[in-house]
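A.B. asks: Once you've looked at the hints, go ahead and assemble the two chains, each given alone in its own frame, into the complex.
Residue-level listing of the chains:
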Amino acid sequence: MGNLDGKGKQMSNRLTLTIAGVVGLSTLLAPTMTMARDLTVVSWGGNYQDAQREIFFKPFAETSGMPVLDEAWDGGIGVIQSKVRAGNPNWDVVQVEAEELALGCFDGLYETIDWSRVADQNDFLPPAISECGVGAIVWSTAIAYDSAVLAEGPNSWADFWDTAKFPGKRALRKGPKYTLEFALMADGVPPHDVYQVLSTPPGVDRAFAKLDELKDSLVWWEAGAQPLQLLASGEVVMTAAYNGRITGINRSEGRNFKVVWPGSILAVDSWVILKDAENKEAALDFISFASKPENLAKLPEFIAYGLPSISASDMVPAEYQLDLPTYPDNLTEALPLDVDFWIDNSESLTQRFNAWLNQ
Amino acid sequence: MSAPQEIKTASARAMLLGPALVFMAMVFFLPIWTVLVQSVSDPAISNALPATVAAVAEWDPHTAPTIAMQEALAEDLRAIDDPQILGDVVRRLNSQQAGFRTLISRTSGALNRLADDASIDLVAIDPRWDDPIYSQAIAATMSPTTDRFLLAAVDMARDAAGNIGTVGPDVSANRDTFLRTFAIAATVSLVCLLIGYPYAMLMASSRGWVRGVLIASVLLPLWTSLLVRTAAWYVLLQDKGLINSALQWVGLIDEPLGLLFSRTGVVIAMSHVLLPFMVLPIYSVLLTIPPNLGPAAASLGANPIRSFLHVQLPLSSLGIASGSLLVFMSAIGYYITPALIGGPTDQMISSLIAFFAMGSANWGMAAAFGVLLLIPTLLLYVAYDRVTSRTNGRST
Numbered sequence: 169m170g171n172l173d174g175k176g177k178q179m180s181n182r183l184t185l186t187i188a189g190v191v192g193l194s195t196l197l198a199p200t201m202t203m204a205r206d207l208t209v210v211s212w213g214g215n216y217q218d219a220q221r222e223i224f225f226k227p228f229a230e231t232s233g234m235p236v237l238d239e240a241w242d243g244g245i246g247v248i249q250s251k252v253r254a255g256n257p258n259w260d261v262v263q264v265e266a267e268e269l270a271l272g273c274f275d276g277l278y279e280t281i282d283w284s285r286v287a288d289q290n291d292f293l294p295p296a297i298s299e300c301g302v303g304a305i306v307w308s309t310a311i312a313y314d315s316a317v318l319a320e321g322p323n324s325w326a327d328f329w330d331t332a333k334f335p336g337k338r339a340l341r342k343g344p345k346y347t348l349e350f351a352l353m354a355d356g357v358p359p360h361d362v363y364q365v366l367s368t369p370p371g372v373d374r375a376f377a378k379l380d381e382l383k384d385s386l387v388w389w390e391a392g393a394q395p396l397q398l399l400a401s402g403e404v405v406m407t408a409a410y411n412g413r414i415t416g417i418n419r420s421e422g423r424n425f426k427v428v429w430p431g432s433i434l435a436v437d438s439w440v441i442l443k444d445a446e447n448k449e450a451a452l453d454f455i456s457f458a459s460k461p462e463n464l465a466k467l468p469e470f471i472a473y474g475l476p477s478i479s480a481s482d483m484v485p486a487e488y489q490l491d492l493p494t495y496p497d498n499l500t501e502a503l504p505l506d507v508d509f510w511i512d513n514s515e516s517l518t519q520r521f522n523a524w525l526n527q
Numbered sequence: 020m021s022a023p024q025e026i027k028t029a030s031a032r033a034m035l036l037g038p039a040l041v042f043m044a045m046v047f048f049l050p051i052w053t054v055l056v057q058s059v060s061d062p063a064i065s066n067a068l069p070a071t072v073a074a075v076a077e078w079d080p081h082t083a084p085t086i087a088m089q090e091a092l093a094e095d096l097r098a099i100d101d102p103q104i105l106g107d108v109v110r111r112l113n114s115q116q117a118g119f120r121t122l123i124s125r126t127s128g129a130l131n132r133l134a135d136d137a138s139i140d141l142v143a144i145d146p147r148w149d150d151p152i153y154s155q156a157i158a159a160t161m162s163p164t165t166d167r168f169l170l171a172a173v174d175m176a177r178d179a180a181g182n183i184g185t186v187g188p189d190v191s192a193n194r195d196t197f198l199r200t201f202a203i204a205a206t207v208s209l210v211c212l213l214i215g216y217p218y219a220m221l222m223a224s225s226r227g228w229v230r231g232v233l234i235a236s237v238l239l240p241l242w243t244s245l246l247v248r249t250a251a252w253y254v255l256l257q258d259k260g261l262i263n264s265a266l267q268w269v270g271l272i273d274e275p276l277g278l279l280f281s282r283t284g285v286v287i288a289m290s291h292v293l294l295p296f297m298v299l300p301i302y303s304v305l306l307t308i309p310p311n312l313g314p315a316a317a318s319l320g321a322n323p324i325r326s327f328l329h330v331q332l333p334l335s336s337l338g339i340a341s342g343s344l345l346v347f348m349s350a351i352g353y354y355i356t357p358a359l360i361g362g363p364t365d366q367m368i369s370s371l372i373a374f375f376a377m378g379s380a381n382w383g384m385a386a387a388f389g390v391l392l393l394i395p396t397l398l399l400y401v402a403y404d405r406v407t408s409r410t411n412g413r414s415t
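Residue numbers (this note's numbering), protein chains in the order written: chain P, 169 to 527; chain H, 20 to 415.
In short, the hints are calculated from the structure, not lab data. Heads up, some of the hints might be wrong.
What the hints assert, rightly or not - Pairwise CB distance ranges (calculated): (1) H:Asn66 / P:Asp361: 35 to 43 Å; (2) H:Ala250 / P:Glu222: 20 to 28 Å; (3) H:Leu332 / P:Thr331: 49 to 57 Å; (4) H:Asp101 / P:Pro235: 29 to 37 Å; (5) P:Pro235 / H:Asp404: 50 to 58 Å; (6) P:Asn424 / H:Leu245: 33 to 41 Å; (7) P:Arg419 / H:Leu245: 26 to 34 Å; (8) H:Met45 / P:Asp361: 49 to 57 Å; (9) P:Thr331 / H:Val247: 28 to 36 Å; (10) H:Pro38 / P:Leu293: 53 to 61 Å; (11) H:Lys27 / P:Pro235: 46 to 54 Å.
Every residue, glycine too, gets a C-beta built ideally from N, C-alpha and C.
Next up, chain H with everything else stripped away, as it sits in the complex (with noise of 0.2 Å):
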């Protein structure tokens, strides 16, 4: 090949890998970027209020505010001319000392009254500025990049002099909540193992219509819409549903099992969903081993157990590898499921990203639980890497 067209190989491989790495900065990299920085960022006060970030610096931080802090926080809210933006500040300062909310829509008001050269009294205005707990907070939330949101996604939090501690259990129990998001994953791709691995081999080993029934009853759930599956479980699991109506008839057990609303109840739904992620990456390994391994291995002495701990496994462990971490690595963003099926001790960390993005708009908690849940998959999917590259590796 002359070296001209090989340029023209390489910039025709450009253009077809193009678009898709720009879909791919687009759709993958940018918004994780975004939340990685959304996590440790918190500008909304440095931006608003300069005046009275460079006026309490000067401040004794166990006294009521000076004259020249309420000076320089009435210049500041009256500079404020978008609604937004004063709501950022609300929002923050609320989020760091609740009564904020009160306080700054009741204080801009009465700004707003005032005549442009009055004196400013912000404690004649509301008396809860004499208490210093709130320009502690203002002072608290002065720098534009923090931990705040990381540490306390993990239960923890600077105290006023600036030593990480814990925070008691009383008031926040992330690490619960993410010990068990992924004790649930982890039983959840065990669970799908258990039962998808002989379900592959069937399909594996069966041949024409029964094959191309197997493989149905794995896709079609796939295509059927994950809210729509749950809700079908719910009815299914209820205490008067059709699972312990049955066991009831037949005698199994006297009193309903209590499904609904419990950790037994998420793991049958939340495996009944992911079961095609585990089943599909094994079958697809499990074709590609060669049939007459089988008798290869029982002519040499070895029994079926023997022959299939010691041939098939091992030559189907990637697709085990895949599919559980398929399977886990969706099953720990999981919301809609143990949101309805389960109980108050069943909510995974997709819950509380929820309620700190969509209840309370506050996006830098959100960002914080996002990027701890980020951290142990991609953690996972470099052992992954590992596993898959050293096999290769062996194999060619």
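Only chain P is shown next, with the shape it has when bound in the complex (with noise of 0.2 Å):
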């Protein structure tokens, strides 16, 4: 009977043991047997995610009866790469910069865009355009500090560099890219000539010649909502910072921080849908959506970011459009971002600036 008893036990044990083992096959097997998932809408994050809740993922969510759930990434081209070629990939909408748009686009990292079903491209800036993206917003990179601590503020990258009429420490955000242009400004080069002199090696030079003078006062910030919390909590007298959530600041906390626009920094975000997402239909409805020009038209009231299209530009009300990169006052001594240079230089340049920051 004991022997009996004991093939019993083994009987049943092998049997847990073959449960055991497809349920935990069903468990590593099971994210690609679930069930559809809902549209995934990915943007940066912060008080601009917030405007784009409101304005764009709920409403469209109510009107297409398809719920979005969206999340927030801090850019790079190769998490898009990464879950483009790992197949299914678990985003749909991605908003990208121009340089992850450029990239990701020759890499066929992305869904060709039928812009018959989005927009009327003749309504497009034209950096907003592209085969594989429809432009969102126009943003700008630009000196923001608190009126509140300074009165008397800085006007331009030479002030930022000041540190005799300023004292303080100052932000930036890390990496090459803005840091090196902004350097060159604050060296006295006029901005229409920053990349061509950066494209020489003595250029190069010069930028982290004039970056050393700053060295010591400078603090480094990687997400876009590092820079108002700097500036709020008085660790740093002024930062470079993305317009719109300076604006978006003020706004929604009373806050009176000041944007200068002489040597900001243009530049074209764009949605783009990710190769082989799951709902890239729905996600294309999305883009639709978010670009008809009287949704576009609403987000400058919350936060102060240029519109790729023209009638929607011209929708917004007088009091927002001060505040926008768009606005002609504020453009004549800004930079547009040259996309080219950057997906040239990216590499060797962050190379060379990662060098610079350890010595």
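C.D. replies: Here you go:
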């Protein structure tokens, strides 16, 4: 009997193991067998994404009946590449910067956009049109300071570098992009010559030499919400920041942060659909919804980014126009980001920048 | 036990171990193997540009590309129908020589507009082709295996003749970052030991609810997200944060200490985050030490310090070793804490891995850094294994 009992025990053990194995395997395979994922839209977080949620994500979910899941990211072509390469990416629509648009489009990481379903190309600014992406905003990286702390604020990058006139720490976005341009402008290079100078080795040396002057007073941020926190806590006296967030925090928290337009750098962010994304049809519907002039025109009330659509820009109430990077007075001494320069030189200059940071 | 039964036990054991082994293989050995392979393989060019690779062999590296090379490159570029493969080629070449992105996209665009039988003149498409550095870059990336990534990770490179040399500190400073990573990890381990050991002693010697509270105050932070704890330290360490305000209010300091964006801040925050990994192993070892050893040592005339140094410390050395090892190994991989709390000279290797993997999709470089972090971890593990097996051998 003992033997039989033992056998019975072994049988049941084997059964338990088999069940455990099946359960284990199915958990491993689960991600590929789950039910349809909700349309997933990824943007840049912070008060910008809060605004997008109010005017794009929620209304789209209501009108289309499709729930929208929104996530935030901090950029990086590697993030997109690894998602697409792994197959069945878990994001559908992503808002990308101009370089990620150019790189990913060339690499075939995005679906081709059927513009006839999205918007009228004649109504869009040229840099906002791509076969892989639809322009979402025109935004600017500019000096920001707290006018409650500095009554008489900086007016240029030369002032940003002037630690005698404005004592205290300053913050810049970590990385060579923007930083080198700002350094050259601080060194007296006029905005329209910046990339010409930066394309030569002596120009790069000049930018790093200028950065040396300010190195001990600099702190570096990576996510767009950080510079606001640094300014608000008084940790820095001025910072490079995304202009829309500055106006956003002024309106939402009653701050009086100022944006310095001369020497600001303009760029276009675009919506893209990841290659082979599960919800690519819904994704295109979403982009189309978010690109309708009447929907786009709601954005500047929440956050002061310029709009890619000309007719949408015309609908923006005059009181919000003044804060937009696309407002004519704000454009006069601004510099458009040179995407080609950065897709060629980003890796080598980042390496040099990291080495410089280490010294 | 009869022979068939033994077999049955063996097969039952295999079935029990099977899932664990499969799991280990899939989530541990396979990824590490992939990383190892990734750090020395460089297949993009040899796979995608076979004709060019053949043509480059007959070319003098100091001159502009030959007609045969240009035709071969055109043939290769036209043959690529998957944009992701072309993307790999471009990323690899641009990483070797900045400028290839715009060069290849312009070239392949022009080639596609050209009739198939038209003669190829790359220099006419883009004058940069006349410069041999671009052809040299292609020649340098032809081999499917490479030591380039591993060399670059320690600031070295091969020159045109293939000799290995060091790259200047203004171009690449990875060695400093490695040394700093180990220095920070060692400091954090030491701080954790100095705080964690007395704490574990306190835990082991207390009873009832006191011990419960002590254990909970170690475990609760462990269950809180790393990011949350780092963010909390960010707030505390600011110039106008709680710590500086309190010290100023008490009158100990006049100016804020500048804890945020400093090495001190990084060590404080990382030590707090990693403290449980020191306390728990030591605590579990201390519990096994018979409590009457202390009085026994005292009865033989040892003062408390001598008794601690000669009795308790040697007996708890295993706990110290495993705690220190756990903290050190976790610390060398830290990314978010130095990124948020540290200044530019407090960044650790993980920040470079993050840049190469996520920022520029250069998986070879990212893998090379990963391998170089893995080596000291493995060495430490071997050392630890020796120590513990010797100690175990003695006790049994």
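A.B. asks: Is 28 to 36 Å a correct range for the gap between the Cβ atoms of P:Thr331 and H:Val247?
C.D. replies: 35 Å Cβ-Cβ, so the 28 to 36 Å window holds.
A.B. asks: That 29 to 37 Å hint for H:Asp101 and P:Pro235 (C-beta), does it hold up?
C.D. replies: With Cβ atoms ~34 Å apart, the hint holds.
A.B. asks: Range first: 49 to 57 Å. Now tell me if the beta carbons of H:Met45 and P:Asp361 are that far apart.
C.D. replies: holds, 55 Å
A.B. asks: Do H:Leu332 and P:Thr331 keep their Cβ atoms within the hinted range of 49 to 57 Å?
C.D. replies: holds, 51 Å
A.B. asks: Does the Cβ pair H:Asn66, P:Asp361 satisfy 35 to 43 Å?
C.D. replies: Since the Cβ atoms of H:Asn66 and P:Asp361 sit about 42 Å apart, the hinted range of 35 to 43 Å holds.
A.B. asks: Does 46 to 54 Å hold as the CB distance between H:Lys27 and P:Pro235, or does it fail?
C.D. replies: At 53 Å between Cβs, range holds.
A.B. asks: Quick check: does the Cβ-Cβ distance between H:Pro38 and P:Leu293 fall within 53 to 61 Å?
C.D. replies: holds, 57 Å
A.B. asks: Do the Cβ positions of P:Pro235 and H:Asp404 conform to the proposed distance bound of 50 to 58 Å?
C.D. replies: This hint holds: roughly 51 Å between Cβ atoms.
A.B. asks: Is 20 to 28 Å respected by the C-beta to C-beta distance linking H:Ala250 and P:Glu222?
C.D. replies: Given a distance of about 25 Å, which is inside 20 to 28 Å, the answer is holds.
A.B. asks: Is 33 to 41 Å respected by the C-beta to C-beta distance linking P:Asn424 and H:Leu245?
C.D. replies: holds, 35 Å
A.B. asks: Do the beta carbons of P:Arg419 and H:Leu245 sit within 26 to 34 Å of each other?
C.D. replies: holds, 33 Å
Consistency with the previously given hints is maintained throughout, with no hint failing.
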